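Engineer: Full structure from sequences and hints, please.
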Amino acid sequence: MKGVYSVAQVRAAEDAASATSPDGVLMQRAATALASECVRLLRARTGRVYGADVVVLIGSGNNGGDALYAGAALARRGARVAALLVDDGRVHGAGLAALRAAGGRVGAQTPAPDLVIDGLLGIGGRGGLTGRAAELAETYADVFTVAVDVPSGVETDTGYAPGAAVQADVTVTFGCLKPGVVLGAGAELAGSVLLADIGLPLPTAECFVPEAHDIAALLPEPMAADDKYSRGVTGVAAGSAAYPGAAVLATGAALHGGGMVRYAGHAAGGVGPRYPEVVVSEPDARVQAWVVGPGIGLDADAVALLVAVLDSDVPVLVDADAITLLAERPELLARRSAPTVLTPHDREFARIAPEAATLLATNRLGAARAAAAALDAVVLLKGSATIVADPGGTAYVNPTGTPWLATAGSGDVLAGYIGSLLASGLPAPLAAAAGAYVHGVAGQLAAADGPPTSADVLAALRPAIHSVALA
Numbered sequence: 004m005k006g007v008y009s010v011a012q013v014r015a016a017e018d019a020a021s022a023t024s025p026d027g028v029l030m031q032r033a034a035t036a037l038a039s040e041c042v043r044l045l046r047a048r049t050g051r052v053y054g055a056d057v058v059v060l061i062g063s064g065n066n067g068g069d070a071l072y073a074g075a076a077l078a079r080r081g082a083r084v085a086a087l088l089v090d091d092g093r094v095h096g097a098g099l100a101a102l103r104a105a106g107g108r109v110g111a112q113t114p115a116p117d118l119v120i121d122g123l124l125g126i127g128g129r130g131g132l133t134g135r136a137a138e139l140a141e142t143y144a145d146v147f148t149v150a151v152d153v154p155s156g157v158e159t160d161t162g163y164a165p166g167a168a169v170q171a172d173v174t175v176t177f178g179c180l181k182p183g184v185v186l187g188a189g190a191e192l193a194g195s196v197l198l199a200d201i202g203l204p205l206p207t208a209e210c211f212v213p214e215a216h217d218i219a220a221l222l223p224e225p226m227a228a229d230d231k232y233s234r235g236v237t238g239v240a241a242g243s244a245a246y247p248g249a250a251v252l253a254t255g256a257a258l259h260g261g262g263m264v265r266y267a268g269h270a271a272g273g274v275g276p277r278y279p280e281v282v283v284s285e286p287d288a289r290v291q292a293w294v295v296g297p298g299i300g301l302d303a304d305a306v307a308l309l310v311a312v313l314d315s316d317v318p319v320l321v322d323a324d325a326i327t328l329l330a331e332r333p334e335l336l337a338r339r340s341a342p343t344v345l346t347p348h349d350r351e352f353a354r355i356a357p358e359a360a361t362l363l364a365t366n367r368l369g370a371a372r373a374a375a376a377a378l379d380a381v382v383l384l385k386g387s388a389t390i391v392a393d394p395g396g397t398a399y400v401n402p403t404g405t406p407w408l409a410t411a412g413s414g415d416v417l418a419g420y421i422g423s424l425l426a427s428g429l430p431a432p433l434a435a436a437a438g439a440y441v442h443g444v445a446g447q448l449a450a451a452d453g454p455p456t457s458a459d460v461l462a463a464l465r466p467a468i469h470s471v472a473l474a
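Residue numbers (the working numbering): 4 to 474.
It should be emphasised that the hints constitute simulated quantities derived from the structure, not laboratory data.
On a predicted model such as this, the values are computed, not experimentally measured, just so you know.
Here a beta-carbon is modelled for each residue, glycine too, at the ideal position from N, C-alpha and C.
Any given hint could turn out to be false.
Cross-link-like lysine to aspartate or glutamate pairs, in silico, EDC-like; alpha carbons within 16 Å at most [said to hold, decoys possible]: (1) Lys231 - Glu280; (2) Lys5 - Asp302; (3) Lys5 - Glu209; (4) Lys5 - Glu280; (5) Lys5 - Glu214.
Cβ pair distances, simulated, as ranges [stated by the list, open to error]: (6) Ser195 - Tyr232: 44 to 54 Å; (7) Thr456 - Glu334: 35 to 45 Å; (8) His469 - Glu280: 11 to 21 Å; (9) Ala100 - Pro466: 53 to 63 Å; (10) Arg129 - Ala244: 30 to 40 Å.
Structural biologist: Here it is in structure tokens:
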């Protein structure tokens, strides 16, 4: 898994590396990586580097220095490089001298460059772009842009972009991933992200972006001696007379984790004919994990179902209606000792964790972590980049998915599949992270032929598992 690090962690690692390296080595490594990517992009897009027009947008931070040194490297290869400065008095002097020595121009407007390098703000930048920085970003908004480390205008620790920001096509980020290129608006503004190793001595990460091979290693595979019970029995308490489809979707997804599924909701008439292999049971049935909530409603029967499931001593995934009910009865969660996974969208999150919800607009990672700690539960916060946080602060940012997953019933599929991973014995945070990853791949497959329904997502779950397992 790729680690995601805060600005403070990056600064500490840079200081440690600088203490044992000659001055300027880290910046030269970063500039070399940036220039190499720009060379590749220029060749791919224009077929040339020599004679290509490159504009470098320069602010006062170290990212401006990186961009100036990269511009100098491109100028030495024959590119026509022009640097536009936000403030002539606040610029990386050695980088500017290197650019001029290589033949780069300073202050010369280029109306239609082949490439723009965004070095307006460093990783410590806060708030949106203003003044001349905003003007420069707007002037070249339609030109193919490579951002240095994080797109300018994006807050590095959160991905929040409160105002004007650079829309990059590619972001070259140095040493490690930062929240600003994987979360919130920053994930979209970053475009494609290239991670360049510059030799930072990083600590153990507390936030991760899983890769396909990581998830493949987590997915359960049956052993020769396994049977339907040893592979994990998933209990599904979903659906109602008003919402029978939720039961069908959650139960169908749970079947994809292997093992056995027991259904204990109020829509058995819809589940039984669709899935003859599912056993209709009571809420006190013996299972290895429960899924409760999709489509159960908010009436007394739903409350009784939730109480029965949460009083069990096995892992429980709580979704949809059950989150709303639980928000009104926090004691049900407080008295649990077995792992609990909560899977809210933003409105449900505001009900179950109102204090943490104040962070949703500006710091979704912080919000998820705060809620997980306060509730002593794993929180899967749905969104354009789904976040899984455990009570200890470890978090996972899901890189798969599509906006088309924002469709009725898609969350029921996610809940059922994660429940089956819990029943297989995966620790709750990893089960949630793996389930989100596979569900995202299923959404991408389902959307390949047009807008998918939740039934399409369910149908794509098996090929998604197969695709990930081959990684």
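Engineer: The structure should be examined with respect to each hint, and the outcome stated for every one.
Structural biologist: Evaluation of the provided hints:
Simply put, Lys231 and Glu280 have alpha-carbon atoms about 11 Å apart, close enough for the 16 Å limit, and the pair holds. Of the pairs offered as hints, the one joining Lys5 and Asp302 is violated, with about 44 Å between alpha carbons and a cut-off of 16 Å exceeded. For the hint pairing Lys5 with Glu209, the CA-to-CA distance comes to about 11 Å; that is within 16 Å, so the pair holds. For the hint pairing Lys5 with Glu280, the CA-to-CA distance comes to about 39 Å; that exceeds 16 Å, so the pair is violated.
At roughly 8 Å between alpha-carbon atoms, Lys5 and Glu214 fall within 16 Å of each other, so this suggested pair holds. Against the hinted window of 44 to 54 Å, the Cβ-Cβ separation of Ser195 and Tyr232 comes to about 45 Å, which satisfies the hint. Taking the beta carbon of each, Thr456 and Glu334 are about 38 Å apart, inside 35 to 45 Å as hinted. The supplied range of 11 to 21 Å is met by His469 and Glu280, whose beta-carbon atoms lie about 20 Å from each other.
Take Ala100 and Pro466: their Cβ atoms lie about 56 Å apart, and the range 53 to 63 Å holds. In this structure, Arg129 and Ala244 break the distance hint of 30 to 40 Å, their C-beta atoms being roughly 52 Å apart.
When the structure is compared with the earlier hints, violations turn up for hints 2, 4, 10 and for no others.
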